[in-house]
Amino acid sequence: MSIVLIGINHKSAPVEVRELLAFSESACSEGLRTLVDGDVVREGLIVSTCNRVEVLAETAAERLGDTLERVNHFLTRTDSVPRSFFESHVYQHTDDEAVRHLFRVTSSLDSMVVGEPQVLGQVRRAYSIALEAGTAGRILNRLVHHAFRVAKRVRTETGIGANAVSISYMAVELGKKIFNSLEGHTALLIGAGEMAELSARHLVKAGVSRVLLANRTAERAQNLAGELGGETIQFDELPRHLAEADIIICSTAAEEYVITEQMARESLARRRNRPSFFIDISVPRNIDPAVGKIANVFVFDIDDLESVISSNIREREREAERAELIVESEIMQFQQTLRVLDIGPTIGALRNKLQGIARSELTRQRNRLGPLTAEQEAAIEALLVSTVNKISHPLLSHMRRSSDSSDAEAIQAWRDIFGLEE
Amino acid sequence: MRSLLLAVLAAYVVSAIHAVLAFLNKRRALQRVSEWAMGAGFALHTAALIADWAIDGHYPLFYPRETLSFLAWTLVAAYALVLYRYGARPLGAVTMPLVSLLTFIAVIIRPATSDRAEASSLAASWLFPVHTTLLLFAYGAFFVVFLASIMYLLQERELKLKTFSAIFHRLPSLTMVNEIATSSAAIGLTLLTVGIATGMVWASSRDGRLWHNDPKEIFAALTWLLYLLLILYRSSASWRGSKAAWMGVAGFALVLLTFFGARLMGGYHVFG
Chain G
30 MSIVLIGINH KSAPVEVREL LAFSESACSE GLRTLVDGDV VREGLIVSTC NRVEVLAETA
90 AERLGDTLER VNHFLTRTDS VPRSFFESHV YQHTDDEAVR HLFRVTSSLD SMVVGEPQVL
150 GQVRRAYSIA LEAGTAGRIL NRLVHHAFRV AKRVRTETGI GANAVSISYM AVELGKKIFN
210 SLEGHTALLI GAGEMAELSA RHLVKAGVSR VLLANRTAER AQNLAGELGG ETIQFDELPR
270 HLAEADIIIC STAAEEYVIT EQMARESLAR RRNRPSFFID ISVPRNIDPA VGKIANVFVF
330 DIDDLESVIS SNIREREREA ERAELIVESE IMQFQQTLRV LDIGPTIGAL RNKLQGIARS
390 ELTRQRNRLG PLTAEQEAAI EALLVSTVNK ISHPLLSHMR RSSDSSDAEA IQAWRDIFGL
450 EE
Chain V
92 MRSLLLAVLA AYVVSAIHAV LAFLNKRRAL QRVSEWAMGA GFALHTAALI ADWAIDGHYP
152 LFYPRETLSF LAWTLVAAYA LVLYRYGARP LGAVTMPLVS LLTFIAVIIR PATSDRAEAS
212 SLAASWLFPV HTTLLLFAYG AFFVVFLASI MYLLQERELK LKTFSAIFHR LPSLTMVNEI
272 ATSSAAIGLT LLTVGIATGM VWASSRDGRL WHNDPKEIFA ALTWLLYLLL ILYRSSASWR
332 GSKAAWMGVA GFALVLLTFF GARLMGGYHV FG
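For the protein sequence lines, the chains are G and V, in the order given. Residue 30 is where the first sequence starts when you use the working numbering, and the numbers rise one by one after that. Residue 92 is where the second sequence starts when you use the working numbering, and the numbers rise one by one after that.
Read the hints as simulated data drawn from the structure, not as lab findings. Any given hint might turn out to be false.
Derived SDA-like pairs (lysine to any residue); straight-line CA-CA distance at most 25 Å [what the hints assert, rightly or not]:
id: 1; chain 1: G; residue 1: LYS234; chain 2: V; residue 2: LEU252
id: 2; chain 1: G; residue 1: LYS322; chain 2: V; residue 2: THR254
id: 3; chain 1: V; residue 1: LYS334; chain 2: V; residue 2: PHE219
id: 4; chain 1: G; residue 1: LYS205; chain 2: G; residue 2: GLU346
id: 5; chain 1: G; residue 1: LYS40; chain 2: G; residue 2: ARG92
id: 6; chain 1: V; residue 1: LYS251; chain 2: G; residue 2: SER109
id: 7; chain 1: G; residue 1: LYS322; chain 2: G; residue 2: ARG343
id: 8; chain 1: G; residue 1: LYS205; chain 2: V; residue 2: THR266
id: 9; chain 1: G; residue 1: LYS181; chain 2: V; residue 2: ASN116
id: 10; chain 1: V; residue 1: LYS253; chain 2: G; residue 2: ALA56
id: 11; chain 1: G; residue 1: LYS322; chain 2: V; residue 2: VAL198
id: 12; chain 1: G; residue 1: LYS40; chain 2: G; residue 2: GLU145
id: 13; chain 1: G; residue 1: LYS205; chain 2: V; residue 2: TRP302
Quick caveat, the model's predicted, so the values are computed rather than measured.
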């Protein structure tokens, strides 16, 4: 039994190639039905996202070559994409390598932003498509569930997904760092750029209970306010409303400072000194840098955010090294699972061993039998083989049952009893 | 009850190690071990204190050994309260090692044999346990103020500099440490006030004088004044930030002077 993984990702292939090979959900299930023929490819799964297209297949060990060929051909979509187009971008992994790759993908170690949580959901979706298409069988079921377990372990035991690596999450993370919980707090958006909008959405999701919007074009502000359940305010009312806001996100195209030091000081006094958190994602800056020097006022401009983000990314990469160790140990565990699921080699080894004993006994005693005809010789051999087979038959079927019920201990016990080495 | 105290020490050390590891590795399982070990240690410690009281015949807060052990006990109680109220686990990574150290010193100091009579005569008044216990709990509260203030200052500094160290993400939020410092200071001041008052009543009942110009009394008065100022300052706005935090740090320096320093200078107060 062999596991094969063939695919391309954001590191190996440019987007022009990835988009050509990508599968829609319906194409996935259709494709799986043609790929998995039950003979060469016994089980299959397709993970197709904007960053990767990967085909996972399970086959008999002796059909490995055929399977590689079949999957590669499958990727050409019955020759509609020339192989030369993607050949140099494709990676092929077999067995442990394939398992490692799947574990790393699911744990978000292979993602563009290490630790991003979406990929796990994408693999889950891919798996449920394969289940619906009936192409995920007992090996892939085990493999994929194991991959989910690895992802969970990595997430809880390392800080791989801990710190924000995007500006919009940064607003939430730093907001929580200052205010503990965002519930009951107010956010003020000055200017409704795309980034500000995204940040506001995250803030609302994280519990911010009131959103104020000030925009020069009232229409856009009103639309967004309607969506977020916020209130719009006039631009010239800003000084009045500033004190109501705990988190202020500035993103206007203004050339001058929208928030001056004096405005911030007045607001702080009205807030009875409660801290406020300013995020300035506009260039040129909209918040006077002097505001950041006031006690209890925290100002982050775009450069500050970027530098925190890049240090968070470095931190994630350090954590990723710990995650790799988890993946390695889980691969070893999965090998044991496979040994149970893949009873074939064990049965073969046992059979060979028993037959070997019978044959060597025959060779030892052969001289005593005197001259025999070829027919007689064949009869003796047949006698031995069928005796061994008949005796071992109940044993082997018991082992198969143990395999079906995934009884690893029983199988290991059989291997130990008969001294079957790895 | 040295063997019992050794068991207490063992539990605290286990708790301390797990608290530090939990802080560094962010593992919930380690934190749970730390809390269970702390709970077991606290229960044993309580038993040890009661046993000491029963066996030695005086409230176990007289000799330095007893005082340190009792102080460790109040620190655990203070941390447990903060943990229960705020879930501020990182405090344990500092408190539990300190508690272990105090308990360790209490274990290795030889029990004082000199002048048992003095102990029992002084400790005879019911005011003795009240006075000393209240003050030790006040110190425990001020220790929490100190830790929370340090955490506030560290985080505020990093937020202003916009560079975050590895521990930044593990500390409780600014709002939480600010709240912990505010409420602990109020509790500490209350305990300190009542503690000093009972001390005065006790002193006047012994020799008719409320005040002896003893170094400990002077430092205690300064401490009381500083925390009173801190609380007034904090209540004059809804948030006082770094200045209040610095006062929390300075206040604890005074507490240490009162607790250890005054002892070195001698005076009316005979015990630790």
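Item to check | Unmet hints by their number, sorted upward, for this structure | outcome: Per hint list: 1, 3, 5, 6, 7, 10, 11 and 13 violated.
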